[in-house]
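Chemist: If you want the building blocks of each chain, they are given just below.
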Amino acid sequence: MLSSVAMGATEAHRSIEALWRIESPRIIAGLARLVRDVGIAEELAQDALVTALEQWPRTGVPDNPGAWLTTTAKNRALDWLRRQRMLARHHEALGYELEMEAPADDGIGDDLLRLIFVACHPVLATEARTALTLRLLGGLTTTEIARAFLVPEPTIAQRIVRAKRALSDARVPFEVPGSGAFAERLSSVLEVIYLIFNEGYSATAGADWMRPALCEEALRIGRVLAGLMPNASEVHGLVALMEIQASRTRARQGPDGEPVLLMDQDRALWDRLSIGRGLASLARAEVLTERPGTYLLQAAIAACHARAVTAADTDWARIVTLYDDLTALTASPVIELNRAVAIAMARGPAAGLELVDRLVVDGRLAHYHLLPSVRGDLLARLGRRDEARREFERAASLTQNERERRLLLDRSEHVVHAVDR
Amino acid sequence: MSYMLLIVEPQGDRADRSPADGEALYQRMVDFSRELESRGILLGVNSLKSEAVRLNKRDGKASLVDGPFAEAKEFVGGYFLLDCHSIGEALAWAEQCPAADWATIEIREVGPCYT
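As you go down the protein sequences, you meet chains A and B in turn. For reference, each letter of the first sequence is one residue, going 1 to 421 in the working numbering. For reference, each letter of the second sequence is one residue, going 1 to 115 in the working numbering.
Okay, chain A solo, but in the shape it has when bound (with noise of 0.2 angstroms):
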């Protein structure tokens, strides 16, 4: 007899809910490529699912549940599709027309490729497509995903019925897009990957533990894309970020859930196998390329910090070279303010303090709290502590989130003391 500990494993194994997560994707590309139209395959999966909920119980689950579960679904497709066609047939009488044909079939995985790409389709807000690629692509609940991003589930129900009708509506094609789009539509799926990371890193000790999972949902992704695009530099560049980024996240906060900088972190607690696989997919980036792209040499920047044993052992010279490539590519505000830091720490506060005072002149980043912050560690560094204490509180003033807050004002404290002896 099975003790009860077993039992509660049996029953864990048996959970549809896990197989579903396992083998959703692939069902709904392969649905998609029939009916041509996602929102209408992801509905004749959960057909198939709901099925399997009535069935299983009473006849014990089959054999081979994932192929019980595609088998299911696609039949319930090729009903949709005879009944579509007995409607077309009424429709022509009045001059319809049956669309063109579905792409051919080539494999799972053109058809996975397919549904990212239209999950990301730039045709949706950055909201639906995040949502969308999350329910179809990492196989998550409505419930999950609304936990994720602390919104009320209606909210997600919402967003991704009306992206599936926006896709619908826009008649957006069941395809890989061809040359002409092709840069934009990855840079697209490129940046939803890096948003649900973001959204998962960005989160706090004692925060649901669902916003960590996005981590791994968009690193799983991400390495899904990586296996099927395999000469994409790009993407092998951004697994290759979340992999480096996500090792540390043992380290990024302190016993109280304080934030710990880069530089202050327990080297001892990064993740090195998670570094290894990380510094594996750059290399492949690397050899890709000879221009490298921007998620590329975020990865660079962030493999240099990951090299180093200890923080003083940091590559800066590397870093500065990085920044300046990176700065040339995205003409962003923020990025020149993270290449002022490493000239600070290549070069000495003067060079840096030179550059941060351009970016206060420029005024882009006028309600950034990094700025302040940087200018006051580069100010107490000259010894201008009056005009650093400012600058931290300052940035306290600017930040939203309390943690930090509390880091910025600790900081401003600190030079003052410093001040008094």
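Be careful, since some hints might not be right.
[Stated by the list, open to error] To give an idea of the chain B side of the interface with chain A (calculated C-beta under 10 angstroms), a few residues:
{"hint": "1", "residue": "Ser2"}
{"hint": "2", "residue": "Glu37"}
{"hint": "3", "residue": "Ile41"}
{"hint": "4", "residue": "Leu42"}
{"hint": "5", "residue": "Leu43"}
{"hint": "6", "residue": "Tyr79"}
{"hint": "7", "residue": "Asp83"}
{"hint": "8", "residue": "Ser86"}
{"hint": "9", "residue": "Gly88"}
{"hint": "10", "residue": "Gln96"}
[Unchecked claim] Some chain A residues close to chain B (C-beta under 8 angstroms, calculated; not the full set):
{"hint": "11", "residue": "Glu17"}
{"hint": "12", "residue": "Leu19"}
{"hint": "13", "residue": "Arg21"}
{"hint": "14", "residue": "Ala213"}
{"hint": "15", "residue": "Glu216"}
{"hint": "16", "residue": "Arg220"}
{"hint": "17", "residue": "Ile221"}
{"hint": "18", "residue": "Gly227"}
{"hint": "19", "residue": "Met229"}
The set of hints was computed from the structure by calculation and includes no laboratory data. Cβ coordinates follow ideal geometry from the N, Cα and C atoms, glycine included.
We have chain A; now place chain B onto it with these hints.
Modeler: Frame of chain A, contents of chain B only:
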């Protein structure tokens, strides 16, 4: 969450297999690894050779014992490290692991060794 699938093999089974049979099993495991990789959940995988040495250190003195270990009926023959959402998902994958047909799969969540 990370889960380790440990492949616990009966002692002696490997020696009883013909090289061709062994290679066929190995190939099934390689195919399974590829499947896991294409799902984006494979964090690490390895098979382990049969030969083993055991070491412990008591009162500062190290002692070594060469295998095979007569008292052991089973040994860990390999592992998969997976990124799964839940124990249910890890178990669903363990069921698909070819080695479940000839060995036992032990599923363990990665986490601190103190409670």
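Chemist: For each hint, tell me whether it holds in the structure or not.
Modeler: Right, here's what the structure says about each hint:
For Ser2 of chain B, the interface hint holds, the least distance from its beta-carbon to any beta-carbon of chain A being 9 angstroms, beneath 10 angstroms. Here the hint on Glu37 of chain B is kept, as its CB sits about 6 angstroms from the closest CB of chain A, short of 10 angstroms. At a threshold of 10 angstroms, the smallest CB-CB gap from Ile41 of chain B to chain A is about 6 angstroms, leaving the interface hint in force. Residue-level restraint check for Leu42 of chain B holds (minimum Cβ-Cβ distance to chain A is 8 angstroms; threshold 10 angstroms).
With a cut of 10 angstroms, the hint placing Leu43 of chain B at the interface with chain A holds, because the nearest CB-to-CB distance is about 7 angstroms. Taken as an interface hint, Tyr79 of chain B does not check out: its beta carbon lies about 12 angstroms from the nearest beta carbon of chain A, beyond 10 angstroms. Checking Asp83 of chain B against chain A: minimum C-beta separation of about 6 angstroms stays under 10 angstroms; hint holds. About 6 angstroms separates the beta-carbon of Ser86 of chain B from the nearest beta-carbon of chain A, less than 10 angstroms, and the hint is met.
The restraint placing Gly88 of chain B at the interface with chain A holds, with a minimum CB-CB distance near 3 angstroms, inside the 10 angstroms limit. For Gln96 of chain B, the interface hint holds, the least distance from its beta-carbon to any beta-carbon of chain A being 8 angstroms, beneath 10 angstroms. For the restraint placing Glu17 of chain A at the interface with chain B, the shortest Cβ-Cβ distance is roughly 7 angstroms, inside the 8 angstroms limit, so the hint holds. With its C-beta approaching chain B no nearer than about 6 angstroms, Leu19 of chain A sits inside the 8 angstroms limit, and its interface hint holds.
Taking 8 angstroms as the C-beta contact cut-off toward chain B, the hint placing Arg21 of chain A at the interface holds, the least distance being around 6 angstroms. Checking Ala213 of chain A against chain B: minimum C-beta separation of about 7 angstroms stays under 8 angstroms; hint holds. Because the beta carbon of Glu216 of chain A sits about 6 angstroms from the nearest beta carbon in chain B, less than 8 angstroms, this interface hint is met. Taken as an interface hint, Arg220 of chain A checks out: its beta carbon lies about 4 angstroms from the nearest beta carbon of chain B, inside 8 angstroms.
For Ile221 of chain A, the interface hint holds, since its Cβ comes within 8 angstroms of a Cβ in chain B; the closest pair sits about 7 angstroms apart. For Gly227 of chain A, the interface hint holds, the least distance from its beta-carbon to any beta-carbon of chain B being 5 angstroms, beneath 8 angstroms. Because the closest C-beta pair between Met229 of chain A and chain B is about 12 angstroms apart, greater than 8 angstroms, the hint is violated.
The structure does not agree with the numbered hints 6, 19 stated previously, though it agrees with the rest.
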